[in-house]
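Enquirer: Take a look at the letters that make up each chain.
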Amino acid sequence: MTPTSPDIERRHKAPILLISIGIVAVGLLLFVMNLCFGSVSIPMKEIWAAVFGSDDATYRAIILDYRLPQAITALLAGIGLSISGLLMQTLFRNPLADPSLLGISSGSSLGVALVILLGTATGLSVNTLSLWSTFGVTVAAFVGAFAVLLLILALSSRLRSMVSLVLVGIMIAYIAGSVTDILKFFSQKEGLHSFVIWGMGSFSNVSKAQLPFFAVAVVAGTIGSFLLFKTLNLLLLGERYAENLGVNIRRSSMLIILASGFLTALITAFCGPIAFLGLAVPHIARFLFKSSDHKLLIPATAFIGMDLALFCNLIARLPSFEGNLPINSVTALIGAPIVLWVIFRRQKVLK
Amino acid sequence: MNEVLHTYNLLIGYKGQPLLPEVNVSLCEGDIVALAGPNGSGKTTLFKTLSASIKPISGEVKLFGKDLRDYQPSERSSLFSLVLTEKPDDLFLKVFDIVAAGRYPQLGLLARLKDEDEQIIYDSLQTVGIGHLTNRNFVSLSDGEKQKVMIAKALVQDTPIIFMDEPAAFLDYPSKIELVNIMHKLSREQHKTILFSSHDLDLLLRHSDQLWVMAPHQPLCQGTPKELVEQGIIDDYFKPIVAKEEFFWMK
Numbered sequence: 001m002t003p004t005s006p007d008i009e010r011r012h013k014a015p016i017l018l019i020s021i022g023i024v025a026v027g028l029l030l031f032v033m034n035l036c037f038g039s040v041s042i043p044m045k046e047i048w049a050a051v052f053g054s055d056d057a058t059y060r061a062i063i064l065d066y067r068l069p070q071a072i073t074a075l076l077a078g079i080g081l082s083i084s085g086l087l088m089q090t091l092f093r094n095p096l097a098d099p100s101l102l103g104i105s106s107g108s109s110l111g112v113a114l115v116i117l118l119g120t121a122t123g124l125s126v127n128t129l130s131l132w133s134t135f136g137v138t139v140a141a142f143v144g145a146f147a148v149l150l151l152i153l154a155l156s157s158r159l160r161s162m163v164s165l166v167l168v169g170i171m172i173a174y175i176a177g178s179v180t181d182i183l184k185f186f187s188q189k190e191g192l193h194s195f196v197i198w199g200m201g202s203f204s205n206v207s208k209a210q211l212p213f214f215a216v217a218v219v220a221g222t223i224g225s226f227l228l229f230k231t232l233n234l235l236l237l238g239e240r241y242a243e244n245l246g247v248n249i250r251r252s253s254m255l256i257i258l259a260s261g262f263l264t265a266l267i268t269a270f271c272g273p274i275a276f277l278g279l280a281v282p283h284i285a286r287f288l289f290k291s292s293d294h295k296l297l298i299p300a301t302a303f304i305g306m307d308l309a310l311f312c313n314l315i316a317r318l319p320s321f322e323g324n325l326p327i328n329s330v331t332a333l334i335g336a337p338i339v340l341w342v343i344f345r346r347q348k349v350l351k
Numbered sequence: 001m002n003e004v005l006h007t008y009n010l011l012i013g014y015k016g017q018p019l020l021p022e023v024n025v026s027l028c029e030g031d032i033v034a035l036a037g038p039n040g041s042g043k044t045t046l047f048k049t050l051s052a053s054i055k056p057i058s059g060e061v062k063l064f065g066k067d068l069r070d071y072q073p074s075e076r077s078s079l080f081s082l083v084l085t086e087k088p089d090d091l092f093l094k095v096f097d098i099v100a101a102g103r104y105p106q107l108g109l110l111a112r113l114k115d116e117d118e119q120i121i122y123d124s125l126q127t128v129g130i131g132h133l134t135n136r137n138f139v140s141l142s143d144g145e146k147q148k149v150m151i152a153k154a155l156v157q158d159t160p161i162i163f164m165d166e167p168a169a170f171l172d173y174p175s176k177i178e179l180v181n182i183m184h185k186l187s188r189e190q191h192k193t194i195l196f197s198s199h200d201l202d203l204l205l206r207h208s209d210q211l212w213v214m215a216p217h218q219p220l221c222q223g224t225p226k227e228l229v230e231q232g233i234i235d236d237y238f239k240p241i242v243a244k245e246e247f248f249w250m251k
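Heads up: the sequence lines are chains A and B, in that order. Under my numbering, the residue at position 173 of the first sequence is numbered 173, and the numbers go up by one with no gaps. Under my numbering, the residue at position 9 of the second sequence is numbered 9, and the numbers go up by one with no gaps.
Just so you know, the hints here were simulated from the structure itself, not pulled from any lab data. Please note that a few of the clues may not be correct.
Partial chain A-side listing against chain B, Cβ under 10 Å, derived [what the hints assert, rightly or not]:
{"id": "1", "residue": "Ile8"}
{"id": "2", "residue": "Glu9"}
{"id": "3", "residue": "Arg11"}
{"id": "4", "residue": "Phe92"}
{"id": "5", "residue": "Arg93"}
{"id": "6", "residue": "Arg158"}
{"id": "7", "residue": "Ser161"}
{"id": "8", "residue": "Ser164"}
{"id": "9", "residue": "Lys208"}
{"id": "10", "residue": "Glu239"}
{"id": "11", "residue": "Glu243"}
{"id": "12", "residue": "Leu245"}
{"id": "13", "residue": "Arg286"}
{"id": "14", "residue": "Asp293"}
{"id": "15", "residue": "Trp341"}
Residues of chain A clear of chain B, computed beta-carbon distances all greater than 10 Å [to be verified]:
{"id": "16", "residue": "Leu236"}
{"id": "17", "residue": "Gly238"}
{"id": "18", "residue": "Gly246"}
{"id": "19", "residue": "Val247"}
All C-beta atoms, glycine included, are put in the ideal place defined by N, C-alpha and C.
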């Protein structure tokens with residue numbers, strides 16, 4: 001196939017393979033570092049031994065019971081939140097959209113607030129640590145998030161414009177937020193404390209038994225999102241063009257909200273509200289691959305999200321710290337400068 | 001000449017309020033049809049109705065002898081394509097990707113472009129004269145170039161009918177001439193039927209085979225530009241504008 005005329009320019013393909021190998025390599029390195037570093041440093045060679053049967057029971061316990069589940073949780077959360085953010089940004093054609101836009105994470109906060117704060121207020125259970133790890137918190141977060149998701153889906157079939165839908169989401173977030181605040185006002189110290197801790201996010205709350213369920217659900221959400229890539233690409237042209245090219249706008253919007261909301265609800269339930277990954281990562285992916293093609297962006301976003309979450313998790317437990325820093329502050333601390341950098345670089349690229 | 005589209009007692013408008021009396025018009029294969037009318041006369045509403053974006057209040061639109069609403073959305077995408085005034089604004093959207101999107105209805109689940117699909121995309125870029133812009137970011141193009149990209153997208157869709165809503169808006173004179181050339185090439189060589197709206201007298205009168213003239217709450221008039229001029233319809237249409245204006249230099 002040769003072009004019919006010399007002045008036609010063939011399509012340049014981005015060096016996708018090279019960048020992808022880079023991203024995956026960084027991911028692997030960060031994953032191993034997540035297993036090595038912490039309050040106890042474990043030599044690299046011990047990791048292999050620990051996973052495949054080692055004499056050293058301490059190392060084995062630290063890695064298998066603590067660091068490995070945490071690293072896997074972090075990377076899954078990174079993948080899910082980043083994709084969720086990408087879907088929101090494309091659906092609403094707004095670079096500031098993120099997974100919390102439709103009030104889903106506020107819904108889960110409210111669910112958790114009800115369980116923790118009402119629980120302590122009525123003196124049912126007091127112990128902060130046991131509350132933290134109870135299944136109840138996860139279930140409450142899940143129920144809160146899905147309640148909001150269903151509400152949004154129900155309303156989305158009645159609303160004509162995307163802007164109204166965003167406004168509805170923000171209003172739901174406000175209502176959930178203020179009810180949460182009222183609950184906080186009437187709650188006792190212990191309850192408040194564990195609620196604040198939950199709000200800081202953590203990758204350590206997924207138990208080994210829950211991990212397979214969490215993983216399967218995140219992967220399912222990711223594959224479901226990928227299958228929407230054609231619709232997402234067409235939506236970038238604008239609704240009327242998309243409609244002309246065979247997209248049923250209402251049904252597609254609901255599917256996108258369902259995929260994005262499912263991932264957000266899931267991850268918020270297991271890890272608490274995690275800020276910034278979902279906002280920052282899609283920008284990094286678009287910038288690195290200089291593309292808006294979702295067939296490329298969805299996998300790219302997933303892998304970069306994985307890298308960034310692992311990196312944040314590592315920073316959160318730098319060896320010099322006893323215990324972990326709140327992951328929510330670390331993601332914002334690291335994510336915000338990256339977004340700023342991308343914005344400034346982008347101006348140059350587009351000239 | 002073969003009719004490709006016909007409207008029967010079509011009432012268009014919103015919330016049951018018709019914008020003008022019943023519309024009975026037809027489009028013939030290979031014609032360039034211009035749609036004229038002041039702002040608010042319902043040009044865009046007519047476009048949206050003909051492209052199945054909104055429902056008519058009553059009456060029907062027959063596309064190749066079948067009611068527009070009886071087609072599946074995927075079938076419609078192979079019958080008519082759109083060129084609109086609203087343009088994509090995503091920062092990293094490439095010209096190639098936009099034009100390739102026109103091919104999506106014909107592609108499978110993974111939207112893999114075969115060699116022949118790519119060739120169709122390059123041919124369309126060539127037809128509208130922007131073969132050198134393949135890798136450019138859409139937002140960095142001029143208005144004229146953007147318009148050509150959207151026309152290339154419509155061509156890739158390979159539909160017998162193309163609807164263009166004010167394609168000449170924002171275009172300078174040379175770009176307008178290029179647009180006319182492209183429209184003629186498509187109609188005369190590829191036998192596409194083109195319906196476009198415009199406020200540009202030159203385009204309306206000199207470069208269309210048929211003219212539809214709309215005015216708020218007036219019946220739509222269809223005819224060749226010559227007929228409509230001779231019947232005084234064009235005059236009537238512009239009279240209120242000229243009469244209302246007070247030109248200070250005329251005093």
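Enquirer: Please write out, lowest number first, the hints stated earlier that are contradicted by the structure.
Expert: 4, 6, 7, 8, 9, 15, 16, 17, 18, 19
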